[in-house]
Amino acid sequence: MKDGGVKVKICGIRDVEAAVAAARGADFLGFIMNSRFWRYAEPEAVREICRRVPRCRKVGVFVDQPLEEVSRLADYCGLDIVQLHGHENEAYAGRLQADGYSIIKAFRYGEDFSPARANNYPADFILLDSYSKNAEGGNGISFAWQSAAPEIKKVTKPYIIAGGIRADNIREAMEIFQPYGVDVSSSLETDRQKDARLIREFLQEAGKL
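Note that the working numbering has the sequence shown beginning at 20, numbered continuously upward.
No wet-lab data here; the hints were simulated from the structure.
Yeah, the Cβ is synthetic: ideal placement off N, Cα and C, and Gly gets one too.
Worth double-checking, as some hints may not be accurate.
[What the hints assert, rightly or not] 20 Å max Cα-Cα, derived DMTMM-like pairs, lysine to aspartate or glutamate:
hint	residue 1	residue 2
1	Lys227	Glu194
2	Lys227	Glu191
3	Lys26	Glu194
[What the hints assert, rightly or not] Quick list of simulated restraints, FRET-style, between CB atoms:
hint	residue 1	residue 2	range
4	Pro62	Glu208	31 to 39 Å
5	Gly226	Val35	37 to 45 Å
6	Asp34	Tyr199	21 to 29 Å
7	Leu86	Ala163	33 to 41 Å
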């Protein structure tokens, strides 16, 4: 793995094989911790991956779940970071931070996105995803990068760009946003399974291998 440059978060990990392939260059591994979504990973599987792939930071993605459930799963699985991908308010995130968890807060560009709110939200990182009225994320669709960039660059916290990131546009995303990191999932899948070849090609394009 090469150090420096853009950070890479590979999300939707569900098995050890995909985790090992991703960990060769990724900085963060993401696990969907809400069973409403098809990329959901069973807590037992997440715990095993966290134990066997120690190098990357482990991120649990939660969507409008009870605080007690989030804390319990984060502790059980050995997560490093909690990603809030629903409509969790500042008080909700503040309680998790007070308990010692690092926070990624997702905002959907196009859903009344406010840089001021992102800057004031109690989170360590801000994730910018594409907006869809039919999905919370993970739809593989990018937003209007060029027009969105000036507004997004008003975010003063480290920000991560998500939504439609692929091997053939990762460099464009880096040039437009100069982000702290990128989040990728859909483009690394074949038949709804993470594909080690696609993971490797993406990491090479991102300068991580």
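Okay, the hints, checked on the actual structure:
1. Lys227 / Glu194: Cα-Cα ~16 Å, so holds.
2. Lys227 / Glu191: 16 Å, holds
3. Lys26 / Glu194: This hinted pair holds, its Cα atoms lying about 14 Å apart.
4. Pro62 / Glu208: 31 to 39 Å: 22 Å, violated
5. Gly226 / Val35: 37 to 45 Å: Between Gly226 and Val35, where Cβ atoms are some 25 Å apart, the hint is violated.
6. Asp34 / Tyr199: 21 to 29 Å: For Asp34 and Tyr199 the Cβ distance comes to about 27 Å; the hint holds.
7. Leu86 / Ala163: 33 to 41 Å: 34 Å, holds
Violated hints, listed in ascending order, are 4, 5; each of the other numbered hints is respected by the structure.
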